[in-house]
Amino acid sequence: MFTYIVNLAILIGINAILAVTLNFILGYAGIFSLAHAIFFGIGAYTAAVAAMKFGADFAVATAAGMVVSGVVSLALALPALRVRGEYFVAASLGLQMLALTVFSEWKSITGGLGGLIGIPPARLFGFDLSDPVLLLALTLACLAIILLIIRALVRSSFGRSLKAIRDDETAASALGKNVALLKTLAVMVSSSFAAVAGSLFSFYLSFINVESFVLEVSVQIIAMVIIGGTATLLGPVIGAVIVLLLPALLTYIPYLPPTEIGSIQQMIYGLAMVLLMIFRPSGLWGYGSDSDKQAAP
Amino acid sequence: MVFLQLFLNGLQLGAIYALTAVGFSLIFGSTKIFHVAHGSAFAIGGYIYWWLASKLSVPWPVATLAAVIAAAAFGLFMERLIYRPIQRSEASFFTVFIAAFGASLVIQNLIGTVFGRGMETVTTPLSRSVEIMDGLFVAPISAISIGVAILVFVALSYFLERTHVGIAMRALSQNPDLVRVFGLDPGRVAQWAFVIGSAVVVPGAIFTAMTAGLNPAIGTHVMLVSLAATIVGGIGSVRGAAAGGMLLGLAENLAYWKLDPQWSEAVTFVVLFAFIIFRPSGFFGSPSTAK
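These protein sequence lines map, in sequence, to chains A and B.
For the first sequence, the numbering used here gives the first residue as 768, with consecutive numbering after it.
For the second sequence, the numbering used here gives the first residue as 4, with consecutive numbering after it.
Isolated chain B (complex conformation) (with noise of 0.2 Å):
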């Protein structure tokens, strides 16, 4: 029963995870640029939806709106302003990828300026567990943030299949040239990679802000937590990326079986050390990914 329980966790847990590593991969899938501001994101989602909702009691649909707005409005911010700039003048990995972790310092430590350095949750009863079966608690809330990530990751396949916009997406990826003799701005698909992949954290940004509650330092912990799913998943793949962070929800509950949790980092370490180790192009990923 401890088993089916911390499965059950597992799930609500990896279906938030998914959320989070599929906007990372989306983001570096598409631009190559390896976007670590992304838990920023999360956390300004976070924060606005627990602002408005809790602090403000603004209704639900109002506030998720203001929400993801304000995350996409940051990763709009990033592409423009600062990574747009900076691939002006040279394109190598770590400018950007250094420009992208200041960036998530300032992000933090302004919320922890302006919204307090506490663990800060919204209550709602949806949280509120139930006894389905004898010693077997569920929340509606598990439940709701399952199909979320589904309903999300099937609109996302959506768009990516057979909308335009989806479509240059995923031919930016593969050449950015040929996206350009196409007629199309690869700069506008680039904007919309961050605005799309950064608003698809706030639905796992919520849940969290429902259920574990929200720190300052929640966007290094989604960071490593989208990292890993991203590598486990195969980089470039979102598929992929769902299928890791859902494994490493998994994992991480599943592990509180034997372990205390402060060991849960640990875990998702574990986890992403043994792809590295067994399969480094990840479950999805072209051998070639590799190198």
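Extracted from the complex, chain A is given alone in its bound form (with noise of 0.2 Å):
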């Protein structure tokens, strides 16, 4: 039982990570990205390789897999962002679909639709971080030390400048606001920081696959932002608690047939969104009239 517990508490961490890092774009800046679990991937890929390879612990393996990630996010970012919001939704949804099929045929690297295998244990400074619970103190630390980064960030003149470009984007170019760039930045630092869980993912499963990285679970960390609440700084965290802790409580529901856990959770997160949309848009974490969910017109 106490390993079950170490284990899901990973899970949530590495998965409020992302959900936190999303929200930085999704509630702050006001991006939609359909293609966070390929940064997730991008990290856990890099991450997996770096320590296969080349033996390096978990601050190398993690830098690594910021590096690409941020990388990749930057030639989907630079051109997409330039142009309407709803471009860079049609590129990210391209560029899920693309990295997928990257992961899923670049054999040598990422060992296809098999995985990588054989993930050694996580080293930190010479520390051997092969026991769940260290490995849970790591997450919780990265989570920490993410959570305070955004915070800062959002409290800092960039974060206010997003603010600004997600409420009125002509308003803040007037003002002299370079919102391209802006915009560009905040990707990829979301993009960065999601490489993050990547490696913790890499590291805790000793094991990585395609799987791991598909539209399905985009689509979940959306979820986890919109049910928690955009744009709160604790909305994501709650939200990846509340949906990771949902297909437990589903199979305490008698006479429900096991494979359908996985679709009926879609559908309660896809009724979530489209309830909360219409009734509380701030979400459940979220103030009842947050300052940037403008009022009627």
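The set of hints was computed from the structure by calculation and includes no laboratory data.
Certain hints may be false.
Said to hold, decoys possible - Once the Cα atoms are required to be at most 27 Å apart in a straight line, the calculated DSS-like pairs of lysine-lysine come out as: (1) Lys35(B) x Lys930(A); (2) Lys944(A) x Lys930(A); (3) Lys874(A) x Lys261(B).
Reassemble the complex: the two chains are provided individually, in unrelated frames, and hints are given to aid placement.
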């Protein structure tokens, strides 16, 4: 039981990092990405390769993942953010599909559909972190650091500019904000931190394959952010807890065929998104009338 | 010969994509609602047809009609019960988008639970290929889908140019307040856009059911294609969306010349990206749509 809880807590921590980083662009900058699982994946594969081929420790492997993920996000954001918001949605959906094909076809690096097996346990500054409890501590430490960085960023002039762009792009650019540059930076920050979650995931499971980075995962991260509450610091963390506890709770419902659980879970997210948007767009944790949600015209 | 074969296949796929993208573009153009649940109308239409025609052996005209009604009803449902309540309190692109996305998630999984998660095809003698030239195979369905696409497109152009509702729909895209001044109800016009936009995807869905087959996740693929075709053709241009759909269908098939089939979505993405970089306003878009 104790191991089960520790394992669940690690997964919640990893997903909370993903939700918090997605919220940085979705909630604060108003950029909707359908490819967050890809940056998670890039972090995971890069860290795994760094650890397996070069014996890198956690810090080095994670840093490598962050760099690769940041560079790929630039390739997406640079062209797609010069134009309207709808273009980014389409481009990110395209990247999600394309990168998944690359993950499953680039066999020499990603191991193809079979994935990478036997990733060594995490080491940090010479300490062995193979014990799940230590890995949980590492995960929570990473989550805390990322939360602190994002809080600082949101409160900085960078964060204020992003919120201004989200609320009125024309007004922000009229005030001299370089809209495209700020948005691109935001996507880069978000994607690099998502790679941290990927690195933790690789070291935790010691096995990764394409399955963990499919579109459904991107959708699940979006659900966490929306359900918890966009543009709040802790909302996405709460969303991650709710979304990850959902399947465990569903197994307690009698007569529910186990094969349908995944499907029912997605229906619940979908329905929650629709109902929240109609009745409470700021999410469960969000304030009833958050300043970013304009009142009726 | 391989090239000609792929080109013909591309035309057929392009016709299906064009039919899908036109519906999305019509809805987005006139109501400004980014209807990402549009792929669900495709999946609903396709599955209803498959269920009636293949499982219950209903004659095809009845099954087609039922599929059209189901898709149109879905469009109407989305407009009346989801988009309108949201727009009443706030009109941000975001809330509408997330709600649409949530709805498509529900539909996709509902279809998986009700009809199963496997690949389903409607078997018909029409999809049997005939060798018309040395090494060139064509199925009657190819000609039919291209013909139907042209027919739907002509009918839609006539509708948008000549009928009151069609003109009102174009007016709505330009200036909703002026539509109101003329004594028309913008809400009603928007409903028409959803009904018609959702209904026109059904032929494409049926042809897909007869050729490549349906699976519950098809809505996502259709969505990517519709979005890409709309951007490639120029946002708000129905003509552009049709051209964009055709281009993507051709590109996807011609790529098989050199690439394995699993890269087909990658080709769509590359075309989309090329347009975003070099011509963000698309084929027919005015430069002002780029921002």
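Against the structure, the hints:
no. : hint                  : in the structure
1   : Lys35(B) x Lys930(A)  : holds, 23 Å
2   : Lys944(A) x Lys930(A) : holds, 12 Å
3   : Lys874(A) x Lys261(B) : holds, 19 Å
Of the numbered hints listed earlier, not one is contradicted by the structure.
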